[in-house]
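Chemist: Based on the hints, put chain B in the right spot on chain A.
Single-letter residue listing:
There are 2 protein chains.
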Amino acid sequence: MTAAQQQLIERLRGELGPGGVIDDPADIAPWLTDWRGRYHGASPVLLAPGSTAEVQAVVRGAAALGVPLVPQGGNSGMVGGATPPADGSALLVSLRRLNRVRAIDRSARLMVAEAGCILQNVHEAALEQGLRFPLTLGGKGSATIGGLVSTNAGGTQVLKFGTMRSLVLGIEAVLPDGTLHDGLTPLKKDNRGPSFDQLLCGAEGTLGIVTAATLRLYPAVAERAVAWIGVADPFRALELLRMMQVRTDRVEGFEIVPADTLGHVLEHIPGTRAPLAAAHRWNVLVEATVDGPGDSPAALLEALLGEGLERGLVEDAVLAGSEAQAEAFWKLRDSISEAERATGPAAQHDISVPVDDMPRFLVEGAAEVERAFPGVEASGFGHLGDGNIHFHVRAAARQGPDWYEREAPAVSRLVHDLVTAAGGSISAEHGIGQMKRDELARLSPGRVAALRALKAGLDPQGLFNPGKLVR
Amino acid sequence: MTAAQQQLIERLRGELGPGGVIDDPADIAPWLTDWRGRYHGASPVLLAPGSTAEVQAVVRGAAALGVPLVPQGGNSGMVGGATPPADGSALLVSLRRLNRVRAIDRSARLMVAEAGCILQNVHEAALEQGLRFPLTLGGKGSATIGGLVSTNAGGTQVLKFGTMRSLVLGIEAVLPDGTLHDGLTPLKKDNRGPSFDQLLCGAEGTLGIVTAATLRLYPAVAERAVAWIGVADPFRALELLRMMQVRTDRVEGFEIVPADTLGHVLEHIPGTRAPLAAAHRWNVLVEATVDGPGDSPAALLEALLGEGLERGLVEDAVLAGSEAQAEAFWKLRDSISEAERATGPAAQHDISVPVDDMPRFLVEGAAEVERAFPGVEASGFGHLGDGNIHFHVRAAARQGPDWYEREAPAVSRLVHDLVTAAGGSISAEHGIGQMKRDELARLSPGRVAALRALKAGLDPQGLFNPGKLVR
Numbered sequence: 001m002t003a004a005q006q007q008l009i010e011r012l013r014g015e016l017g018p019g020g021v022i023d024d025p026a027d028i029a030p031w032l033t034d035w036r037g038r039y040h041g042a043s044p045v046l047l048a049p050g051s052t053a054e055v056q057a058v059v060r061g062a063a064a065l066g067v068p069l070v071p072q073g074g075n076s077g078m079v080g081g082a083t084p085p086a087d088g089s090a091l092l093v094s095l096r097r098l099n100r101v102r103a104i105d106r107s108a109r110l111m112v113a114e115a116g117c118i119l120q121n122v123h124e125a126a127l128e129q130g131l132r133f134p135l136t137l138g139g140k141g142s143a144t145i146g147g148l149v150s151t152n153a154g155g156t157q158v159l160k161f162g163t164m165r166s167l168v169l170g171i172e173a174v175l176p177d178g179t180l181h182d183g184l185t186p187l188k189k190d191n192r193g194p195s196f197d198q199l200l201c202g203a204e205g206t207l208g209i210v211t212a213a214t215l216r217l218y219p220a221v222a223e224r225a226v227a228w229i230g231v232a233d234p235f236r237a238l239e240l241l242r243m244m245q246v247r248t249d250r251v252e253g254f255e256i257v258p259a260d261t262l263g264h265v266l267e268h269i270p271g272t273r274a275p276l277a278a279a280h281r282w283n284v285l286v287e288a289t290v291d292g293p294g295d296s297p298a299a300l301l302e303a304l305l306g307e308g309l310e311r312g313l314v315e316d317a318v319l320a321g322s323e324a325q326a327e328a329f330w331k332l333r334d335s336i337s338e339a340e341r342a343t344g345p346a347a348q349h350d351i352s353v354p355v356d357d358m359p360r361f362l363v364e365g366a367a368e369v370e371r372a373f374p375g376v377e378a379s380g381f382g383h384l385g386d387g388n389i390h391f392h393v394r395a396a397a398r399q400g401p402d403w404y405e406r407e408a409p410a411v412s413r414l415v416h417d418l419v420t421a422a423g424g425s426i427s428a429e430h431g432i433g434q435m436k437r438d439e440l441a442r443l444s445p446g447r448v449a450a451l452r453a454l455k456a457g458l459d460p461q462g463l464f465n466p467g468k469l470v471r
Numbered sequence: 001m002t003a004a005q006q007q008l009i010e011r012l013r014g015e016l017g018p019g020g021v022i023d024d025p026a027d028i029a030p031w032l033t034d035w036r037g038r039y040h041g042a043s044p045v046l047l048a049p050g051s052t053a054e055v056q057a058v059v060r061g062a063a064a065l066g067v068p069l070v071p072q073g074g075n076s077g078m079v080g081g082a083t084p085p086a087d088g089s090a091l092l093v094s095l096r097r098l099n100r101v102r103a104i105d106r107s108a109r110l111m112v113a114e115a116g117c118i119l120q121n122v123h124e125a126a127l128e129q130g131l132r133f134p135l136t137l138g139g140k141g142s143a144t145i146g147g148l149v150s151t152n153a154g155g156t157q158v159l160k161f162g163t164m165r166s167l168v169l170g171i172e173a174v175l176p177d178g179t180l181h182d183g184l185t186p187l188k189k190d191n192r193g194p195s196f197d198q199l200l201c202g203a204e205g206t207l208g209i210v211t212a213a214t215l216r217l218y219p220a221v222a223e224r225a226v227a228w229i230g231v232a233d234p235f236r237a238l239e240l241l242r243m244m245q246v247r248t249d250r251v252e253g254f255e256i257v258p259a260d261t262l263g264h265v266l267e268h269i270p271g272t273r274a275p276l277a278a279a280h281r282w283n284v285l286v287e288a289t290v291d292g293p294g295d296s297p298a299a300l301l302e303a304l305l306g307e308g309l310e311r312g313l314v315e316d317a318v319l320a321g322s323e324a325q326a327e328a329f330w331k332l333r334d335s336i337s338e339a340e341r342a343t344g345p346a347a348q349h350d351i352s353v354p355v356d357d358m359p360r361f362l363v364e365g366a367a368e369v370e371r372a373f374p375g376v377e378a379s380g381f382g383h384l385g386d387g388n389i390h391f392h393v394r395a396a397a398r399q400g401p402d403w404y405e406r407e408a409p410a411v412s413r414l415v416h417d418l419v420t421a422a423g424g425s426i427s428a429e430h431g432i433g434q435m436k437r438d439e440l441a442r443l444s445p446g447r448v449a450a451l452r453a454l455k456a457g458l459d460p461q462g463l464f465n466p467g468k469l470v471r
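Protein chains in written order, with the UniProt record's numbering: chain A, 1 to 471; chain B, 1 to 471.
Just chain A, with the same shape it has in the complex (with noise of 0.2 Å):
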């Protein structure tokens, strides 16, 4: 422990309520790797304070000593970005108990909430008011809406709502010099410069603490359908979607699954089952909702898989004839990373380029990265309308477990080459974190240049969060 962090945990032992400074190794650790268990890092205490007070206290003492701080919310980030450098040099800032729903206002469909909320906790508090909060994700038990915001994340709804940056319709944040930046007030014209609250969307914690943020709500669902499909690529799984959103604005996920991937998730996940009689060489789930009375979304989607199949775009369909069945669709998407894992060693990418170019992408760059790596298995899959899908690419078989420090970040050079080429993103809904810092680098050496130039601004002793996002 360096003398100025000793000082300022001193410090805040005083400032901060009890509960405010963890000492307990044992309650420290969990919060130290990430998720993924790639990232290892180290702090002499846990910060947690209990409110935004708190937090611009935490934030001035740090100021005052040039401590650097790491901000953590749920730490199920999948880059490395809450996780504290390995020396001891950060002190981690946990957000987890600002855990209040300050105010949900029902007809103006907002909601106040802290950043240590979780996501599930929000879903659950906008429905007791018959309202929704509509991004959604795998990890919502844990992720918390000041990570959501950190990172801009995105999941299966984005389709139809946008990612977190559309969501949020102000931030309360505290700024690297200890001052609050104040944008709760949901002011829906605002031209007093740009947009802080837009600023700290995907910052990543490089620029701001976020303590709470204003959501955009909306009417909760009242009926959904689900429908398995099969297609014959994804081109015409994209024609598909074209086809749909001409005719309706109800679709709001449509999921692209590749043949091996499903296979993937048969073989490893108990209780699962194909959908089809036949294999499909891709596979599409796509959910329809309504939020009144009105048309049912199963005769809608049920019309529209109909024209589907006689344009020849669907090979074959089957509607969830219940909830349970709709349910199990979505276990099928949800637990590919899970049955990837089991699977054996892969490099995975979060990656999007242009939603009409996405169909090409997921055919020629799979083609190409298996001719470079002989005995590799390349497919993606994912949210093929906003044109991200997670690309993975499998050891050959018989690798040890070596193969993923011996070849991968060869495999992910290539792999970002082949995104930038097709003005795509490295990132297109984890954030760069440890993770894609110096690939970032490497291809985007302009933007981080204006990053690095953000940071030196707003953040001149580089306290917050160093060595995320750019170095």
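Bear in mind the hints are in silico, worked out from the structure with no lab data behind them. Certain hints may be false.
Partial selection, computed: residues in chain A whose CB lies under 10 Å from chain B [what the hints assert, rightly or not]:
id, residue
1, V158
2, L180
3, G193
4, G423
5, R452
On a predicted model such as this, the values are computed, not experimentally measured, just so you know. Beta carbons: idealized from backbone N, C-alpha and C, even for Gly.
Modeler: Structure of chain B alone, referenced to chain A:
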């Protein structure tokens, strides 16, 4: 002219194509005064680069020699944001020659337009493809895409389509160090740090010079219906809007006009007449549209107005019976600025508060200002549904033209204090420029400190639009 300016100009004579450096004072003069005629600047030459590469050449040269630049589009801003300093220390850079529509993608509903494209030309280019760029405002014949982005422009259709920020999918801009930010590729998901596209919206040319933008297009309007409505007060006006919004998402204009303001229009604008037989204390102009075959918007509005009458929200209403009458209704709204100018000196404010608080602000804010400054008349008109009105305080009768300089600053300080106390913004859609810079610093020191930090990071020499937004 400074030696550095002279050196830069000589260098650019070689680097820019013909017409790139304009010397004739008569050609420069029209661009040195803002369109309200309040700010007068000087610039030894007018730089008019003809391509993004030429803008980069200008910026690189300026950065190397330490010469400040003031970017300018249509010069129709409201806050002096594009007028160079009066001492001639900066060079004016016109983006008007960058006026190509680079591409329109009909199926993806996207347009890539250069910064100098005039809004009306963008409307027409979209319409030729059966599409629509929905943002519109009084200055559409002069306002350019670069200026609209840099001021995050609003206008009359924000209710449905949002401000420029939500219509821009990507931006190309030259940053103060001369690097190009190339964000034109429309990625729906991209989490490589915070969004520079969003950062440049509303930055008023202080962080980058916008050279092009990818714009979101919508289906063209197939049919519109316009009604003029008399209401008792703004509380009922907002309730009427809320009632309509529950029933339909086709209402895209909802403008409120008080009796006194309508009176000034009828008095000063030739060829105007009152739409309703009796005078009403407040009026609402509402527009509904459809973009394809289906329900008639006139039938929809008629039903909604009938319901409004039954509920006691509407006193009287008339639906435009022809496109000419619809135009006449809109002319009443669009002539307000001109009519108010003819009425006498007034302090004008472009303000926002949370939408639900706006009716109270309209009534109580006006009363408070009239109490504090006996004899003045205060009232607000405009975008009620956005929580944004233009709040004008007119001089008492028999005041000379010196009233503005004598009393308006104190009036504006009171209005801004009231807005700030209500959690609102002293600039809802016009920006800060030089006109509101000192008021912003007085009322929002934390925000100004953060804006200065941003500016210091991205533009450490302070060369981009110096003295605007922050000092």
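Chemist: Are the hints correct? Go through all of them and say.
Modeler: Here is what the structure says about each hint:
The interface hint given for V158/A is met, as the beta carbon of that residue sits about 7 Å from the closest beta carbon of chain B, less than 10 Å. With 10 Å as the threshold, the beta carbon of L180/A comes within range of chain B, its nearest partner Cβ sitting at about 7 Å, so the hint holds. A cut of 10 Å between beta carbons decides the hint on G193/A: the least distance to chain B is about 5 Å, and the hint holds. The beta carbon of G423/A comes within 4 Å of a beta carbon in chain B, closer than 10 Å, and the hint placing it at the interface holds.
Satisfaction of the interface hint for R452/A is found here, the shortest Cβ-Cβ separation to chain B being roughly 8 Å, below the 10 Å cut-off.
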